[in-house]
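> So you can see what is in the structure, the chains are spelled out below.
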Amino acid sequence: MNSLEAVLTRYKDFWIVGLKYTMWITVASILIGIVLGLLFAIMRIYGNRFFKAIAVAYIDLIRGTPMIVQLFILYYGLGSTGIVKFTPLQAAIIGMGLNSGAYQAEYFRTAFLAIPTGQTEAALSLGMTRVQLIFNILLPQVIRIVLPSWTNELIALTQYSSLAMVLTVMELTAVSKYVGSKTFLYIQAFSVAGVIYLFVSVVLTRLMVYFENRLSIPGVSAQKLRI
Amino acid sequence: MIFDISVLNPSNLLYVLKGIFWTLFLTFVSIGLGLVLGSVLAFGEVYLPPPFSYIFRIIGEILRGIPLMLLFLILYFGFNLGMALSAILGLGLRSASYQGQIFRSSLEAISAGQMHAGLSLGMTKFQVFKEILVPQALRIMIPGWTNEFITVLKDTSIAFVLGVMDIMTRADFIARSVGRYLEIYIFIALIYFVLVKISMSSLNNLYEKIRIPGLGEKR
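Taken in sequence, the protein lines are chains R and Y. Heads up, the first sequence is in my numbering, so the first residue is 1 and it goes up one at a time. Heads up, the second sequence is in my numbering, so the first residue is 1 and it goes up one at a time.
Calculated directly from the structure, the hints in this document are not laboratory data. In this text the structure is predicted, and so the values were computed from the model without any measurement. Everything hinted at is true.
The list that follows gives simulated cross-link-like pairs (lysine-lysine, DSBU-like), each with its CA atoms no further than 35 Å apart:
#1 Y:Lys130 to Y:Lys197
#2 R:Lys85 to Y:Lys197
#3 R:Lys52 to Y:Lys197
#4 Y:Lys18 to R:Lys85
For reference, chain R alone in the conformation it holds in the complex (with noise of 0.2 Å):
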């Protein structure tokens, strides 16, 4: 017990850091993956050959190569071109919201095909455009049918926030790894930043059920519509 004192208080700052810096990666990625993913999604259902030609290769493209390969292109690759440079942590928010983009946007294309398609007439039959289509009518339903895969997808990315330490980040992990080398107390520095994570998530998807929960239409159940 003593150890784990001194693992946790004597670093206190640097967990509250590194606890900060694993949010915010997360946070700002999957944001950035929510406009991505909902572009893409929009540009493959109801884009033109081009537009549906560029969602499916880009699409195809980053869910096909991992994650961490996509970080290195982007802060190695592009940074030593010197046509961009990022720091190491707008490099991790960048890649991790370009690679969410991609998952997300197939969330949201199943999404957009889950509802009946008698909707979709109905809308135009009444005049609305295409926009005010997707913008009024798909898209409240969209975004519940999607809620649960936000939920997973916010755990993942939590998860894959940790890879932003090879670029120098200090997050959860790193943070824990340089507390381990300091103290060489590994076991109990690794420990502690697991069930950090494991509270996390936990709050995470409890955040997430109760915004489920919150949002769904009586009688219209998400579930229902998801095929």
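For this one, chain R is given, so just place chain Y on it according to the hints.
What follows is chain Y alone, placed relative to chain R:
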């Protein structure tokens, strides 16, 4: 020069490509380990009486809840396992927790009537399991399992932090020694992409070949 093609000369490429061995070795061994441990986890969770089943469930939750990177570091620094062993165990344990879930859900997708039918024909519970449920569950499992395979294939790149000589580590090594990063990393991104596509299409072919027509169709 933004993109210097001369970095991608045969000797550099060959050096990087040798890493495919480790990448595939890690993938297959840890998928295999994950399959064995995952079925143990799934059985424990479903068929053991409550106090024991909770233990299996908590183990699964923990393995799913902590980042792979942290798992690697725990095994490598905490338990002082070698780098290859840490990589295999880390990937395998994590994959076990996911494969257990895939296996469990495909077992549950088979209707309980088959169990009753088997028992009423005089088969023992184990026989029903071995002869009737598992052969079907394994087939239903394949699409979910394909995703898991690809995830593990991509996640082998994280073993880079341990220094296992896979594609990623070798690419990083070459990139640092030559001082050109973009070309090499784009090259390995393409290698991973090709590997993912190949494994995806071959597993889909396998599924088409061994699936029972009508069983496990999109519901």
